[in-house]
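Letter by letter, the sequence shown follows residues 1307 to 1556 of my numbering.
Since the hints were made in silico from the structure, they are not lab data. These numbers come from a predicted model, not from an experiment. Glycine is no exception: its CB is placed at the ideal position from the N, C-alpha and C atoms. Check each hint, because a few of them may be wrong.
What follows is a set of in silico ranges between Cβ atoms, one per label pair, in the way DEER data are often shown [stated by the list, open to error]: (1) H1309 with R1393: 16 to 22 Å; (2) D1434 with P1320: 20 to 26 Å; (3) Y1536 with S1478: 32 to 38 Å; (4) S1405 with N1465: 39 to 45 Å; (5) L1336 with H1309: 36 to 42 Å; (6) I1485 with K1507: 26 to 32 Å; (7) S1405 with T1347: 16 to 22 Å; (8) N1453 with I1485: 20 to 26 Å; (9) Y1536 with D1390: 27 to 33 Å; (10) S1478 with E1313: 50 to 56 Å; (11) N1311 with V1544: 16 to 22 Å; (12) Q1418 with L1516: 15 to 21 Å; (13) A1322 with L1516: 34 to 40 Å.
The calculated EDC-like cross-link candidates involving lysine to aspartate or glutamate, where the alpha carbons are at most 16 Å apart (straight line), are [claimed, not checked]: (14) K1514 with E1481; (15) K1344 with D1315; (16) K1489 with D1466; (17) K1514 with E1483; (18) K1507 with D1451; (19) K1344 with E1384; (20) K1507 with E1483; (21) K1514 with D1475; (22) K1514 with E1419; (23) K1507 with E1419; (24) K1514 with D1440.
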Amino acid sequence: YSHYNIENDQFTAPMAGLYYNMICTGYYSLTGGVVTTKGSTPQLGLIRWHNVHSNPDSQCRSGISQLSAGSVVSIRSEGGLYCDMDRQIQWSMFSISDSMVDAYAFSAFRSQEFNAFNSIVPFTELVDEGSAFDPLSGSYTCPADGNYLFSVSVALSANDVLRLVLTSDNTSRGELELIRTSKVHDMLDTISRPFFVRCTKDETIGLKLLAGRITGNTDNTLSSFVGFRYNPRDVSPVSWAVYRTTSWYE
1307 YSHYNIENDQ FTAPMAGLYY NMICTGYYSL TGGVVTTKGS TPQLGLIRWH NVHSNPDSQC
1367 RSGISQLSAG SVVSIRSEGG LYCDMDRQIQ WSMFSISDSM VDAYAFSAFR SQEFNAFNSI
1427 VPFTELVDEG SAFDPLSGSY TCPADGNYLF SVSVALSAND VLRLVLTSDN TSRGELELIR
1487 TSKVHDMLDT ISRPFFVRCT KDETIGLKLL AGRITGNTDN TLSSFVGFRY NPRDVSPVSW
1547 AVYRTTSWYE
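Taking the hints into account, I'd like the entire structure generated from these sequences.
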């Protein structure tokens, strides 16, 4: 906690570099709200303005920020945010530059609407350590073999649906999907999902839109695609990810 001031809820970056940033919150029933970071580049927003959910909900969002030494980052909120003893409200960060052997990482965002089906989503490049992300094609070429954590966040307007998959030029890899097919949300929302995958050198990763549309939004960097290679310093990498291909009822 030496760099986090719990009295004023501020984090002061001890060194320049890339930081992985995650914010989570709960929402009261029938109430929307916003949580955003302040002082980071980019500013990250987690939004749920729709108010038709009949019980409390929670959601999270991750991003990668470029901070200079001494940068002060905080979070701010608007609307009703729900939390109980299960700690739905959370903010956490760690330094990719300091904790990883090689800071292969990128952070890209999109502020314009996109609705071209079966196409890879292009982005505006913000950070690209390793020069492996092509913003025009929206593709990331893995610079080395290893395990990579990717995270995508998307803005959706009222009643919009979405099917978005993490896809690869490695045809043996199954696609991983972010989906919203419900149309009952009546205002702007963000939805997010992380993907932890094994990537081989020169394999190309991108996000393909299968259905729906991504809403254009210039505030709070609502639509983003970020990732980094998990290769920690000083210890042997230990990581895993499992996925189900069938529904689960219990």
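Results for each hint:
no.	hint	in the structure
1	H1309 with R1393: 16 to 22 Å	holds (21 Å)
2	D1434 with P1320: 20 to 26 Å	holds (24 Å)
3	Y1536 with S1478: 32 to 38 Å	violated (21 Å)
4	S1405 with N1465: 39 to 45 Å	holds (41 Å)
5	L1336 with H1309: 36 to 42 Å	holds (38 Å)
6	I1485 with K1507: 26 to 32 Å	holds (30 Å)
7	S1405 with T1347: 16 to 22 Å	holds (20 Å)
8	N1453 with I1485: 20 to 26 Å	holds (24 Å)
9	Y1536 with D1390: 27 to 33 Å	holds (32 Å)
10	S1478 with E1313: 50 to 56 Å	holds (52 Å)
11	N1311 with V1544: 16 to 22 Å	violated (32 Å)
12	Q1418 with L1516: 15 to 21 Å	holds (19 Å)
13	A1322 with L1516: 34 to 40 Å	holds (39 Å)
14	K1514 with E1481	holds (10 Å)
15	K1344 with D1315	holds (11 Å)
16	K1489 with D1466	holds (6 Å)
17	K1514 with E1483	holds (9 Å)
18	K1507 with D1451	holds (5 Å)
19	K1344 with E1384	holds (13 Å)
20	K1507 with E1483	violated (23 Å)
21	K1514 with D1475	holds (12 Å)
22	K1514 with E1419	holds (14 Å)
23	K1507 with E1419	violated (32 Å)
24	K1514 with D1440	holds (15 Å)
In this structure, the earlier hints numbered 3, 11, 20 and 23 are contradicted, and the remaining ones agree with it.
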